[in-house]
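**Student:** Here is how the chains run, residue by residue.
2 protein chains.
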Amino acid sequence: MTTASICTIGDEILIGQIVDTNSAAIASAFGAEGIRINRIVSIGDDRDEILSTLRRELERSDIVVTTGGLGPTKDDITKGALAELTGAKGYYSDSRQLDIIYRILHSRGLDVMDINKAQASIPDTGETILNKLGTAPIMVFRIKDGTYGHPATLYAMPGVPFETLAAIPDVVADIREHTGLEAICHRNIMVYGYAESALSEKISSWEDALPEDVHLAYLPNPLTGVKLRLSIYGGNSEDDSKRLDGHVAELRKILGDAIYSEEEDTLEHALGTILRENSLTLSAAESCTGGEISHLITTVPGSSAYYLGSVTSYAVSVKEAVLGVDPDVIDRYGVVSSQVAAAMAQGARKVTGSDYSVSTTGLAGPGGGDGVNPEGTVWVGVATPTATYTKKYEYHSDRKRNIQRFASSALFFLLSRIREDLSQKK
Amino acid sequence: MTTASICTIGDEILIGQIVDTNSAAIASAFGAEGIRINRIVSIGDDRDEILSTLRRELERSDIVVTTGGLGPTKDDITKGALAELTGAKGYYSDSRQLDIIYRILHSRGLDVMDINKAQASIPDTGETILNKLGTAPIMVFRIKDGTYGHPATLYAMPGVPFETLAAIPDVVADIREHTGLEAICHRNIMVYGYAESALSEKISSWEDALPEDVHLAYLPNPLTGVKLRLSIYGGNSEDDSKRLDGHVAELRKILGDAIYSEEEDTLEHALGTILRENSLTLSAAESCTGGEISHLITTVPGSSAYYLGSVTSYAVSVKEAVLGVDPDVIDRYGVVSSQVAAAMAQGARKVTGSDYSVSTTGLAGPGGGDGVNPEGTVWVGVATPTATYTKKYEYHSDRKRNIQRFASSALFFLLSRIREDLSQKK
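Each protein sequence line maps, in turn, to chains A and B. According to this note's numbering, numbering within the first sequence proceeds without interruption in unit steps and concludes at 429. According to this note's numbering, numbering within the second sequence proceeds without interruption in unit steps and concludes at 429.
Don't read these hints as lab results, they were simulated from the structure. The structure presented is a predicted model; accordingly, all values stated were derived computationally and were not measured. Take every hint as true, because none was put in to throw you off.
Listed below are several chain A residues computed to face chain B (Cβ distance under 8 Å; list not exhaustive):
{"#": "1", "residue": "21"}
{"#": "2", "residue": "23"}
{"#": "3", "residue": "24"}
{"#": "4", "residue": "29"}
{"#": "5", "residue": "30"}
{"#": "6", "residue": "40"}
{"#": "7", "residue": "43"}
{"#": "8", "residue": "222"}
{"#": "9", "residue": "295"}
{"#": "10", "residue": "302"}
{"#": "11", "residue": "304"}
{"#": "12", "residue": "314"}
{"#": "13", "residue": "317"}
{"#": "14", "residue": "324"}
{"#": "15", "residue": "354"}
{"#": "16", "residue": "401"}
Between beta-carbon pairs, the in silico distance windows are:
{"#": "17", "chain 1": "A", "residue 1": "370", "chain 2": "B", "residue 2": "87", "range": "39 to 47 Å"}
{"#": "18", "chain 1": "A", "residue 1": "213", "chain 2": "B", "residue 2": "133", "range": "39 to 47 Å"}
{"#": "19", "chain 1": "B", "residue 1": "244", "chain 2": "A", "residue 2": "198", "range": "44 to 52 Å"}
{"#": "20", "chain 1": "A", "residue 1": "370", "chain 2": "B", "residue 2": "240", "range": "36 to 44 Å"}
We treat Cβ as the ideally placed atom computed from N, Cα and C, and that holds for glycine.
Build the full structure now, drawing on both the sequences and the hints.
**Tutor:** Following this line, the structure appears as structure tokens:
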């Protein structure tokens with residue numbers, strides 16, 4: 004199995020100023036290719052520390068990826084360390100990256116200074132993969148057997164997250180071309196509504212019956228549910244693909260609608276696809292989720308094709324004035340109730356003219372319950388062209404995570420109701 | 004200077020399933036105490052790897068903090084490794100943590116099983132700090148000079164982020180009590196609207212004039228601006244405190260309103276405080292930010308005291324129907340315009356009855372500009388009891404980060420306008 008280490012370089016992570024999202028993105032992409040990550044290390048902008056850490060990781064792993072340390076004011080440290088590590092005799096300038104540097108800076112109305120041009124300068128032991136979104140190219144150093152006891156490849160990537168994210172597929176393609184990765188046949192199955200342990204129990208007989216060469220991984224995430232990844236390493240024949248389809252079909256018999264996607268990794272993307280494909284429109288009425296549902300829906304590029312908008316009715320007066328919720332219903336049942344969730348969803352549907360609408364009303368905390376509902380309770384409502392549905396969920400976390408779980412529960416409940424409607428039409 | 008290493012234990016981070024937010028939180032809290040982080044390492048659930056990594060980090064740092072690996076099904080590996088590392092002869096049960104375990108599980112309607120009780124079981128070489136929000140206590144191992152050449156302390160914390168976050172102050176207090184941290188006098192000054200380099204240029208003469216014992220750190224963050232941290236190490240006298248106040252007063256003369264807080268770290272918290280203290284209410288009208296502004300405002304506990312709600316008018320029809328934006332204004336000036344931003348803010352103020360309202364209309368991308376405005380443009384509007392203001396901002400990032408920057412720019416512009424109004428009333 005091909006192995007890798009990830010090293011982030013830069014004081015920003017060590018002082019807690021930024022959260023390292025790059026490593027998770029790289030680890031996840033590598034995992035999908037069957038590359039095992041040995042360790043992730045964050046170190047500061049220090050030449051000796053960079054050299055000793057990279058040597059140690061190159062000894063233990065086939066691939067080492069660094070991120071960061073390549074900014075215009077900092078690249079002397081990391082780039083110089085990489086030149087020393089690989090025994091470079093000099094530098095050359097990559098003209099294609101230089102073109103990108105000119106284009107990016109000019110588009111922002113900035114002059115190209117020497118420190119900017121220097122970003123296209125590469126140790127002569129290295130090759131480049133272009134960074135289309137930023138100024139620092141990805142540097143690739145291919146190190147022969149002799150040095151670390153095995154052939155090793157070092158990829159030096161920029162630290163800016165959207166540049167790193169965009170370059171990962173190119174790095175993976177380079178690995179596939181040069182390192183001879185094992186072929187791999189995959190299926191990702193997104194499951195919502197089960198804790199990992201409960202899911203494992205539910206599908207244990209199916210799991211036990213899987214052939215030995217079919218590997219199953221559980222990848223739980225509080226916002227998107229559990230991703231089940233089925234893999235056949237070394238398998239890429241049509242036959243392997245059909246075998247995996249067969250196992251997924253068996254799994255669907257057990258889990259039913261809890262499987263919400265095999266193509267997309269998030270509820271909001273799966274929801275977007277089904278709405279777009281069926282020319283349906285959506286709106287939202289939020290209370291305790293405070294805008295998070297709307298935010299998630301609109302993170303999907305192209306969401307304006309199906310999403311009309313939302314009302315966040317944090318105050319009761321807004322529930323009444325904008326969404327038209329009957330004050331008597333609030334008085335009689337309380338704000339956190341099935342009835343108010345239903346009225347909010349109906350109100351948003353009416354006021355925006357959407358086909359579907361989803362609503363939330365609950366208690367994210369802190370401050371405890373309302374006497375009837377404990378903190379962590381949410382009622383979700385879904386108004387459809389023909390009916391209104393509500394469902395209660397309960398969580399036990401802090402305010403921030405309760406809000407996130409309320410939002411993902413609402414998206415899942417909505418998605419299930421839309422699927423149900425579509426299946427009845429067929 | 005006291006130094007520390009952070010080790011996260013668990014396969015979840017290595018396979019990219021979760022982003023490591025705990026390390027940033029710990030590093031940030033330690034940094035505020037003058038503790039320098041040497042490195043952050045993520046390793047898998049592997050006994051040998053845990054032992055060799057902890058030994059190496061205990062050699063180089065005064066303090067090592069581990070997170071994760073203490074769940075009910077996994078604690079045998081990490082806890083066993085810690086027992087072996089510290090030469091424990093057996094385990095004891097911490098009765099106070101056991102009480103918490105019973106309370107938490109019972110409150111969720113769950114039975115306490117043996118694997119749950121085992122979480123209160125501690126190697127006899129260790130002490131505990133209670134985990135009030137979770138089942139696994141924080142374990143503390145104080146290791147004398149002989150083993151690593153210096154006294155070292157190992158803290159084993161849980162991996163669940165809200166439990167870790169809540170326990171950090173207790174760990175810091177323990178370090179302060181036992182390790183003899185240097186006293187430290189701090190001021191945090193939050194500045195919005197400057198890139199780090201531009202800010203550095205703007206305040207260079209002030210910075211150059213700082214006495215040698217006053218240290219300045221720049222902590223930039225795209226969402227909250229640049230945090231300037233002024234510190235006097237070893238200083239905690241009233242005189243030191245007054246000196247720092249003097250330097251901050253000088254800085255205010257240069258930066259003016261760009262300084263938005265000395266107490267709070269985020270725009271939404273600073274905004275919440277000023278609204279609450281002045282009994283003002285707020286609403287929002289979002290387009291391209293899609294709910295993110297409302298989400299940020301409502302992450303603040305107690306925001307229901309001042310926040311009434313919002314309308315996310317993703318579709319033009321919702322801008323017209325719910326917010327009452329004149330279709331002629333949209334036709335004449337385009338959706339992304341000062342005029343529409345103003346009308347949206349006024350509409351939200353009217354429909355919710357709030358004192359203030361903030362609006363956004365722009366192009367988060369992808370897909371390029373609209374012929375007039377490039378992708379990354381946002382118009383922000385603020386409607387006040389007496390007037391309406393608008394301002395244009397431009398960013399160059401991907402969809403997700405553009406949305407975040409649009410939202411933080413809107414919050415800052417709103418905060419500035421409220422401050423301006425309040426200062427004129429005085």
